[in-house]
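First to last, the protein sequences are chains D and A. Under numbering that gives the first Met the number 0, the first residue of the first sequence is numbered 0, with each subsequent residue one higher. Under numbering that gives the first Met the number 0, the first residue of the second sequence is numbered 0, with each subsequent residue one higher.
Keep in mind that the hints are not guaranteed to be accurate.
Partner residues are not named here, just some residues of chain D that face chain A (Cβ under 8 Å, in silico) [claimed, not checked]: (1) 400; (2) 437; (3) 438; (4) 562; (5) 563; (6) 649; (7) 652; (8) 660; (9) 730; (10) 738; (11) 758; (12) 759.
From chain D, some residues computed to sit far from chain A (all C-beta separations above 12 Å) [to be verified]: (13) 57; (14) 362; (15) 551; (16) 557; (17) 599; (18) 651; (19) 733; (20) 736; (21) 741.
Computed, partial: chain A to chain D, Cβ under 7 Å [stated by the list, open to error]: (22) 11; (23) 12; (24) 43; (25) 130.
Hints listed in this document are in silico derivations from the structure and should not be mistaken for laboratory results. For each residue, glycine too, the CB sits at the ideal point set by N, CA and C.
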Amino acid sequence: MLNAVLAGFVLTFVAPQVARHLPRQAGAIAALLPAGIFVWLLNQAELAMGPGVVERWPWSPLPGVTLSFHLDGLSLLMALIISGVGALILLYAGAYMQGQAQAGRLYALLLAFMASMLGLVLADNLIALFIFWELTSITSFLLIGWHYQEERSRAAALQALIVTGGGGLALLAGFVLIALVSGTWEIAALAAQAGTLQDSGLYLPILLLLWLGAASKSAQFPFHFWLPGAMVAPTPVSAYLHSATMVKAGVYLLARLSPALGGTNEWSLLFMVTGLVTLLLGGWLSLKQDDMKRMLAYSTVSSLGLLVTLLGLGTKLATEAAALYLLAHALFKGTLFMVAGAIDHATGTRDLRRLRGLAGALPTSALAAGLAGLSMAGIPLLAGFAAKEFIYEAALFSGGSVWLLTLLLLAGNVAFVVVAQQMTLRIFTGASLRFEHFHAPRVGLWAGPLVLGALGLALGLLPEVMATLAGAAARAIYGAPVTIHLFLLPDSVTPMLLLSALTIVAGILLYRRRTQLEPWLNWLDQGERLGPEGAFRRLVGGLPRFAERVTAILQNGRLRSYVLWVVGAWLLLLALTWLLRGGPGVPSDLVARLADLRFHELVLVLVILAGLASVMQAGTLLTLIVSLGVVGFGTAMVFILFGAPDLAMTQFSIETLGVILFVLVLYRLPGMVRLSPRRTVLRDSIVTGLAGAVVTLMILVITDVPLVSPLKTWFADASEPLGHGHNVVNVILVDFRGFDTMGEITVLGIAAIGIFALLKLRPGRGGESKAGDGEGRP
Amino acid sequence: MTSIILAVATRLIFPLMLMFSLFLLLRGHDAPGGGFVGGLVAASAFALFAFATSVTRARDALRRSTFRLIGVGLLFAFVSGLPGLFAGSPFLRALWTSAELPVIGKLSSVLLFDTGVLLVVVGVTLTIVFAMAEADEEEEE
Numbered sequence: 000m001l002n003a004v005l006a007g008f009v010l011t012f013v014a015p016q017v018a019r020h021l022p023r024q025a026g027a028i029a030a031l032l033p034a035g036i037f038v039w040l041l042n043q044a045e046l047a048m049g050p051g052v053v054e055r056w057p058w059s060p061l062p063g064v065t066l067s068f069h070l071d072g073l074s075l076l077m078a079l080i081i082s083g084v085g086a087l088i089l090l091y092a093g094a095y096m097q098g099q100a101q102a103g104r105l106y107a108l109l110l111a112f113m114a115s116m117l118g119l120v121l122a123d124n125l126i127a128l129f130i131f132w133e134l135t136s137i138t139s140f141l142l143i144g145w146h147y148q149e150e151r152s153r154a155a156a157l158q159a160l161i162v163t164g165g166g167g168l169a170l171l172a173g174f175v176l177i178a179l180v181s182g183t184w185e186i187a188a189l190a191a192q193a194g195t196l197q198d199s200g201l202y203l204p205i206l207l208l209l210w211l212g213a214a215s216k217s218a219q220f221p222f223h224f225w226l227p228g229a230m231v232a233p234t235p236v237s238a239y240l241h242s243a244t245m246v247k248a249g250v251y252l253l254a255r256l257s258p259a260l261g262g263t264n265e266w267s268l269l270f271m272v273t274g275l276v277t278l279l280l281g282g283w284l285s286l287k288q289d290d291m292k293r294m295l296a297y298s299t300v301s302s303l304g305l306l307v308t309l310l311g312l313g314t315k316l317a318t319e320a321a322a323l324y325l326l327a328h329a330l331f332k333g334t335l336f337m338v339a340g341a342i343d344h345a346t347g348t349r350d351l352r353r354l355r356g357l358a359g360a361l362p363t364s365a366l367a368a369g370l371a372g373l374s375m376a377g378i379p380l381l382a383g384f385a386a387k388e389f390i391y392e393a394a395l396f397s398g399g400s401v402w403l404l405t406l407l408l409l410a411g412n413v414a415f416v417v418v419a420q421q422m423t424l425r426i427f428t429g430a431s432l433r434f435e436h437f438h439a440p441r442v443g444l445w446a447g448p449l450v451l452g453a454l455g456l457a458l459g460l461l462p463e464v465m466a467t468l469a470g471a472a473a474r475a476i477y478g479a480p481v482t483i484h485l486f487l488l489p490d491s492v493t494p495m496l497l498l499s500a501l502t503i504v505a506g507i508l509l510y511r512r513r514t515q516l517e518p519w520l521n522w523l524d525q526g527e528r529l530g531p532e533g534a535f536r537r538l539v540g541g542l543p544r545f546a547e548r549v550t551a552i553l554q555n556g557r558l559r560s561y562v563l564w565v566v567g568a569w570l571l572l573l574a575l576t577w578l579l580r581g582g583p584g585v586p587s588d589l590v591a592r593l594a595d596l597r598f599h600e601l602v603l604v605l606v607i608l609a610g611l612a613s614v615m616q617a618g619t620l621l622t623l624i625v626s627l628g629v630v631g632f633g634t635a636m637v638f639i640l641f642g643a644p645d646l647a648m649t650q651f652s653i654e655t656l657g658v659i660l661f662v663l664v665l666y667r668l669p670g671m672v673r674l675s676p677r678r679t680v681l682r683d684s685i686v687t688g689l690a691g692a693v694v695t696l697m698i699l700v701i702t703d704v705p706l707v708s709p710l711k712t713w714f715a716d717a718s719e720p721l722g723h724g725h726n727v728v729n730v731i732l733v734d735f736r737g738f739d740t741m742g743e744i745t746v747l748g749i750a751a752i753g754i755f756a757l758l759k760l761r762p763g764r765g766g767e768s769k770a771g772d773g774e775g776r777p
Numbered sequence: 000m001t002s003i004i005l006a007v008a009t010r011l012i013f014p015l016m017l018m019f020s021l022f023l024l025l026r027g028h029d030a031p032g033g034g035f036v037g038g039l040v041a042a043s044a045f046a047l048f049a050f051a052t053s054v055t056r057a058r059d060a061l062r063r064s065t066f067r068l069i070g071v072g073l074l075f076a077f078v079s080g081l082p083g084l085f086a087g088s089p090f091l092r093a094l095w096t097s098a099e100l101p102v103i104g105k106l107s108s109v110l111l112f113d114t115g116v117l118l119v120v121v122g123v124t125l126t127i128v129f130a131m132a133e134a135d136e137e138e139e140e
């Protein structure tokens, strides 16, 4: 499984080259990988649906963090969707992007996304899952911002990244809590810990963090607004990421963790309320849209709400319904998105009001859309029908407020029927219009959707296949054996069948009368604009202002106040820790120890003190610098006396260089004037005095505590045999802790670039202006 | 601000300082010294040279841009970690040859690493010193 995931990332780097040399075939070539993975998955299917396939790669020495994969029924269903739809999407993208120079980048990003998404559904370790989760957010960001020259695209991409990335961080916190409580990072081992997890006091925080992660990723209310915004991406991206796969990641996570965390009242309440609100809001807002893609996006939001509701319900029937709907939805929604893209490509518009009678011009697209629309509306013989039957059955046997739940689901499903008609009857039937730049779509643009749409019919006609696939997934979600019985045609009239019929009739009536809905929908749309999305705008807009205020206080451009903040904060933290934790006391024999001081040591101390006194009294800058030098060289002498020649040598060099730098800037600085009012001087003196006193105290206390550390002797002993050197300090720097040193010199290099930029690119240096004006002083 | 004393002294001290820097680098593994101090000494030498003559001439004497030194230094440090990786050990595991060369001593990947540190330190220090000194010279014009 590692190979399948890695192959996608490797091909990411090859794809642009392939696209450069074989622009016409590149899409199809890139599609070979997902197609191959699809075949491999089918090969593994029997094993996956039985005991499951496990792969473990020790990855980090941290306890428990491994790169482990687990292919079971649920992962198999998701992975089949990801690779199958992925292959068709890449074919479609090949036709969609043909002739464009950037096509290679699109294939590369789509492959990178596919690999991340595969990793996400196959991962069996919380940390691994989180990393793949974030990778999908990042690839999604890059793909939404495809038209990066446009402000609108960049804003939408950033919005999606902030929402899903923020949710991802919450998820990480949730994962850490899960691991703390259960003691394992392995997802497969979590189900056995369900009791421990649910009885723990951290259960509710875990659930809320999980909710933040899943709801933001799967576009649940109140985070749903990023998904319609993401429609600025090219259509292959919308069809793949933002309907069939990535937005299902949150749903997948809930399904994956429901054996461990699900089944409680809190779980049901949280996810059913979220799901139902999203189902209704998304469904009814989709009726308001005139842009095909936005309509489908809101409809997807609604479908995701339905899935979350079912997983929140968590009964056996509900998990079966969720698995069936997951599969059916990927097929019909992917098809409809690709059809929308093909129409956009052929006519140059996605506006529903301007599209009519396209069946004659785009017969194959019409067929694909027809199949998908029938499935979406839940007409018998198609995959969507079985899913809808199970949804109603789950509601009728939910055991709670049956009628309320059924009614709400009905209201949501009616909207799907209307959207299905918009995407079929409204645009394909009627008198055909003339389009100025009409051109017939290439094979790639209609073959993919047709295959996907036909699959919806095939699964409907082969109920055993669909039942086996979905049944295996439901078993993984439910955590106990599940067998789904599907039938080709109902042989008796059941309440579910009546509800299905009612849904379709209501949907048709509503579609006919859709103009009368306008005022209601407008009102809903207003609320949507002011609500979650408005809140997000205010939050993101307010952040820079907040940062500005904080910066004005903390980094106001005066070095003195920087030092004050740093020293003050350090002092406060240290004092607090000392007081709260109760550190070791001050040694009592301080005065007695002073007698040990030897004469030359005493002289050195006096020299340093004299230097310090001179610093504080200095009347000119030159005196100040020289006095500081006395202090520095005195300190270096202390190093020599106490056996640290390396340190002393470095200190000497630094002091020398320091003097050189001072000389350079000295005569550019204004003369020494004491400007600070008495209060400032007093404040600074107090802080400085306290800091000095605390450091002295700390040193006395620390050196008094017998330090038992095996490291000191180990380094001293190992330096020669392991490091081939007698200078322990240097051996540590370049060998034992070489990686640290490497990090440090990298930072040093970056700092140099920063300083160079500050010195060279000062404002006002662009032309004739002299550096001597107030602005340019360093 | 050219002083004849400084100019003559620099001519004598400059090569000595560079040799001292090299000396510190090579002996650093067994006795006080090392790439960091060596780098500071070499940087001081060039700073002195810049004072005695001009930044432009100091840059010429350096031959390479200071940023190039930083980059090459980082590259050296990184590359020194690769042999360990190829020998099946972790990245940056030190490897030593048994052959002993005069002056240098035993050859090792550690020496390459320390040379990298030296180059980075020289590059960073001189970037700052040169930039400041140039701001100075521009003003004098």
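The hints, checked one at a time:
no. : hint : result
1   : 400  : 60 Å, violated
2   : 437  : 55 Å, violated
3   : 438  : 51 Å, violated
4   : 562  : 20 Å, violated
5   : 563  : 25 Å, violated
6   : 649  : 5 Å, holds
7   : 652  : 4 Å, holds
8   : 660  : 6 Å, holds
9   : 730  : 7 Å, holds
10  : 738  : 6 Å, holds
11  : 758  : 4 Å, holds
12  : 759  : 6 Å, holds
13  : 57   : 14 Å, holds
14  : 362  : 59 Å, holds
15  : 551  : 28 Å, holds
16  : 557  : 21 Å, holds
17  : 599  : 21 Å, holds
18  : 651  : 9 Å, violated
19  : 733  : 5 Å, violated
20  : 736  : 10 Å, violated
21  : 741  : 5 Å, violated
22  : 11   : 17 Å, violated
23  : 12   : 12 Å, violated
24  : 43   : 6 Å, holds
25  : 130  : 4 Å, holds
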